[in-house]
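Two chains, two separate frames, one set of hints: put the complex together.
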Amino acid sequence: MDKRMTAADIVAELQDGMTIGIGGWGPRRKPMALIREILRSDLKDLTVVAYGGADVGMLCAAGKVKKVVFAFVSLDFIPLEPYFRQARQKGEIEVMEIDEGMMLLGLRAAAWGCPYIPTRIGLGTDVVRVNPEIKVIDSPYDEKEWVAMPALKLDVSLLHADCADERGVCQIKGSDHYMDDWFARAAQKTFVSCDELVDADYFNNPEESRYVFWERSMTSGVCLQPGGAHPTSCAPLYGFDVPHFKEYNASAKEGGFEAYFEKFISNSNEEEYQAKVGGLEAIKQLPLPVY
Amino acid sequence: MTNPVNDSAASEYSLAELMICAGAEAFRNDGEVLATGIGLIPRLAASLAMKTFNPDLMMTDSEAWLLSEPNPVGNREEGFVQKNETWMGFSRIFDNVWSSKRHAMVGPTQIDRYGQANISALGGTYEQPKVQMLGVRGFPGNSISHANSFFVPSHNKRVFVEGECDVVASIGYNPQRLPKGYSLDDIDIRLVITDLCVMDWNGPDHQLRLVSTHPGVSVEQVLENTGFEVIVDGDIPVTAAPTQAQLDVIRQLDPHNLRARQLKDNPPGDRRQ
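Protein chains in written order, with this note's numbering: chain W, 2 to 292; chain U, 3 to 275.
The following block holds chain U by itself, in its conformation from the complex (with noise of 0.2 Å):
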């Protein structure tokens, strides 16, 4: 499918486009599954992914119905034509949650040392919340009923807390809360991608550990910038960049370049002197 060319690596390239490609990955052994990235770069993760290695995903329109293509993002040009494969209304996407064939890839405005994660609120009380934020949303039903991985667009310690999440809105590797007849391995929490690394939730017990650091990322920024523990264990390798057919293929998922506007002023991928 790619030649030799399009296969090496790319040498200039955008930290969202790295972000990208290295989201997609998060969907690469799934097979089929509805993949949902909420927020621009999971979805352009998810939809590089079955536009690549995994065909075999499934993608809704973000509306109702499921795409044999992944739409592209923005405003389409005129005579567009989506290409529908099955009404998927938000009432069936429940069937799809509960039935486990799903992965999400969602960005939560907390994330604490169990994997918890949490959009509804932060800080007060429960009955009179600081900042109100969304609710918890789908948050429970899907992190107990399929795979999830984490988008941090900026990686810091207002967002990897040190304690709990101020509202635990999803499932995690948390002892304490383990519902009866359950084991940890039933939790299924994938990727953590942030602007500074990929990380994930394979370390003892489940802990956080670290995959790789992207390019120019040192591991002591990784640590210094997360509120608990995270596993460094080896040799941490960089985050691969990704190749000159990727950058092909999402240039076509996102014509308007929206990406760009994602994370704060568009930093290269590569931030090595």
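So that you can see chain W by itself, here it is in the shape it has in the complex (with noise of 0.2 Å):
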């Protein structure tokens, strides 16, 4: 099956009010240029749900969303997201905010059928306080309270992997998957934008297909898209790119994000965004940060 797609026709299948997941961590291999299209697009109402880094910021500030999902939503070196605070401060959205584990065992259940996965995590915090719909339930096995962590059921998720083939078998061969498996595996529908399109046979190398972390039958449409991920990394092949995300930080204090999405996103197809950025050979040489 030739699950190819175009990143105007994977947003074509979304819709307004949708639950989405969005895959990677803060500033790390997040599928940007698939939320770049989502800023292009009219689509409003969103529920988003991720390990949020710009791509929470970004929908936050074009008015797409309606509710996050969060533990939280950080740049890593810019430790708070400017967009995603202002987004909080002006109280502009519903948020549900739980432990980033939580998120993990809300995306298990998910994938699972279970309508719940209890934890530990939460109780005594005002996780348990501030969200009604996660119910504290007693054990039918001890005397002690749980937290019952509902299921994450999400319409679509949207990831990025360094490459996959056509029929939507993909690879990421950075040191961490994060929770992209969960997140394919808790969706209806998963698109994910890749760097690299490969024939089906580069599998066939086990040292090759140790990288695929979900089945093809997960994916519904992969999207050829060098450097999707910018700024954001898609380590080993780039880093995030610090530049980048500065303008982006200072854009918060200084024109907002109308400027930065006027000069980089409104007017610019994707080829369009990766010149004004320096090209994809300069993003391709974005150094890996060290921790």
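Each hint should be verified, as a subset may be incorrect.
To be verified - Now the in silico label distances, taken between C-beta atoms and shown as ranges:
1) W:Glu272 to U:Gly76: 45 to 55 Å
2) U:Arg78 to W:Ile138: 41 to 51 Å
3) W:Met2 to U:Gly81: 37 to 47 Å
To be verified - With a cut-off of at most 25 Å between alpha-carbon atoms, the simulated DSS-like pairs for lysine-lysine come out as follows:
4) W:Lys247 to U:Lys159
5) U:Lys182 to W:Lys145
6) W:Lys285 to W:Lys65
7) W:Lys91 to U:Lys85
8) W:Lys174 to U:Lys85
9) U:Lys132 to W:Lys247
10) W:Lys68 to U:Lys132
Source of the hints: derived by calculation from the structure; they are not laboratory data. These figures come from a predicted structure and were not determined experimentally. Here a beta-carbon is modelled for each residue, glycine too, at the ideal position from N, C-alpha and C.
Here it is in structure tokens:
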């Protein structure tokens, strides 16, 4: 089955009000080309579930978001995401704020068809106070109470992988695939942008296929988009773009998102976007971060 | 391992170095657990403990591998090869967290009398906070699963708040919030390392208790800068100065002296006049 699509095809599959999971972690391996395509669309009222970075900030700033399910939204080396921060401080968005491990449990519950997974996490904290949709329950096996972390059922997940074949076999060779496999499994449909399209027999080599973390039946569509994670990283191919993130962060203080959006996104297709940030070759030269 | 000369207290050291050595003590008797220091000084504290008195500690590269030797902080020399021992992606960190075999040293923005902590948001209402910070991140899961210590670079009443934290991101010793089937002893908050002193939660009913004051800091200074009662039980010793051997290890772990940029004006560790 040939699952190749364009970014525009993928965004055409999305509808107002959908719950969308976004893979990656903070400033790392986010499907940013797909996010930019959403920013150019008239989609609205989305519920976003993510280990958030600029993906969440940009969607909030562009008025695409009704609700964010999050444990953090951060650019890492810039700890606070400027536009998520603004949206929260203006009271513009609904939130479900949970522990980062609870998010994993919610995705697993959705993937496994369970209504919830019991956990200790959240007990004694405001997580169980500010989230009426999260219940605390008695156990049939002990005398303790437990948080019933509800399934985080996703209509769609958007991910970025290093490479994929046209059937939707996706490879992530960076040192961590984060929770992307669970985002794929928790969603009705998963769309993946990738830096490279490969032939199916690329995966015949076990050294390659061991970096495939979900089956192709979980992937509805793949979109070739070299450099598509920019300005986030796609290790080992490229690091995140520190100067670009600094400019993005500064725009929140001067100019606002509108100025950033006009400069880089609204009047540009992805090729033009890449030219504005120095070109694909420059993206591929971005150094990997040192921790 | 150390000779008598190196084992003696150093005469000159920075406050950051004093706090690294005091922080390392938090991990001394931990045995074989994952030591996680969030931020440069806590990371160097955990690394110092692993390199000296508790080699059984485990540590990550802050990305995806467990290391047999802590990585030095900052840019590493060309050709540096880190000593991986286990793949440890973020999903597996949760498996470790929930197994309880971990001790994290974290830097909350607010800490209250119950040891509850906040990194999520400040002021306003929950729906519209005055200042949105990170979010609760891993604090709820960490605090109910394993040991935690706190690092506070500036000891004041904005951190050690008078009332409860604006957002309670981690469980503490608050009887009102204690979950059914739990006792306060199930919560495990260890040391608090600040720029003024070392404290723990071993006062009556797990109240915050002064353990030692840093050289040149008075007990009154600690009490004046804390928004709630700190138990002071008898004579309070002075925080032990780093040994020369410890300073040597710290220099290897932080060859670019990034520790000198962590505290405002990089004050000396001994502030006696």
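### Query
So which of those numbered hints doesn't the model satisfy?
Violated: hints 1, 4, 6, 7.
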